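**Q** Sequence:
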Amino acid sequence: MHSPDNPIEDCPEGCRIFFYARPRASRTKIAGLHGGRVKIQISAPPVDGAANDEVIAFLSKKLGLRKSDIELASGDSGKRKTIIAHGIDAAQAKEKLGLK
Numbered sequence: 001m002h003s004p005d006n007p008i009e010d011c012p013e014g015c016r017i018f019f020y021a022r023p024r025a026s027r028t029k030i031a032g033l034h035g036g037r038v039k040i041q042i043s044a045p046p047v048d049g050a051a052n053d054e055v056i057a058f059l060s061k062k063l064g065l066r067k068s069d070i071e072l073a074s075g076d077s078g079k080r081k082t083i084i085a086h087g088i089d090a091a092q093a094k095e096k097l098g099l100k
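In terms of the working numbering, the sequence shown opens at residue 1 and continues consecutively.
None of these hints come from the bench; they were simulated from the model. Keep in mind that this is a model prediction, so the values were computed, not measured. It is possible that part of the hints are untrue.
Label pairs and their calculated CB-CB ranges [claimed, not checked]:
(1) D10 - L33: 29 to 37 Å
(2) G35 - L72: 29 to 37 Å
(3) V47 - A91: 34 to 42 Å
(4) G78 - S43: 14 to 22 Å
(5) K96 - R27: 13 to 21 Å
(6) V47 - D5: 17 to 25 Å
(7) D89 - D48: 26 to 34 Å
(8) S26 - G98: 16 to 24 Å
(9) D10 - S68: 32 to 40 Å
(10) L33 - G64: 17 to 25 Å
Glycine residues also receive a C-beta, built at the ideal position from the N, C-alpha and C atoms.
Produce the entire structure from the sequences given, and follow the hints as far as they go.
**A** This is the structure in structure tokens:
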């Protein structure tokens with residue numbers, strides 16, 4: 001179960017990132033924390049998976065991973081989502097996302 005004190009945690013595949021998505025923002029960016037999750041403002045609308053695709057593309061670029069290394073584990077149609085980033089640990093992900 002996700003701890004509100006730890007929005008990014010190690011898992012066997014790499015790391016698990018719990019985030020809160022805010023679609024239809026002016027641009028896609030990390031906007032701090034929201035309710036114990038990484039807040040990501042997404043420029044794409046939440047229509048036909050566009051916001052999920054944007055999150056995957058954004059995180060793959062920020063983390064230095066291929067899009068295929070980013071897996072949407074839960075929250076396909078909600079604002080609270082969980083992704084698994086394969087091949088990177090939590091400490092590396094926090095650093096690359098600018099989180100302490």
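**Q** Work down the list of hints and note, for each, if the structure agrees.
**A** Structure-based check of each hint:
no. : hint                  : result
1   : D10 - L33: 29 to 37 Å : violated, 18 Å
2   : G35 - L72: 29 to 37 Å : violated, 19 Å
3   : V47 - A91: 34 to 42 Å : holds, 35 Å
4   : G78 - S43: 14 to 22 Å : holds, 18 Å
5   : K96 - R27: 13 to 21 Å : holds, 18 Å
6   : V47 - D5: 17 to 25 Å  : violated, 33 Å
7   : D89 - D48: 26 to 34 Å : holds, 33 Å
8   : S26 - G98: 16 to 24 Å : holds, 19 Å
9   : D10 - S68: 32 to 40 Å : violated, 20 Å
10  : L33 - G64: 17 to 25 Å : holds, 22 Å
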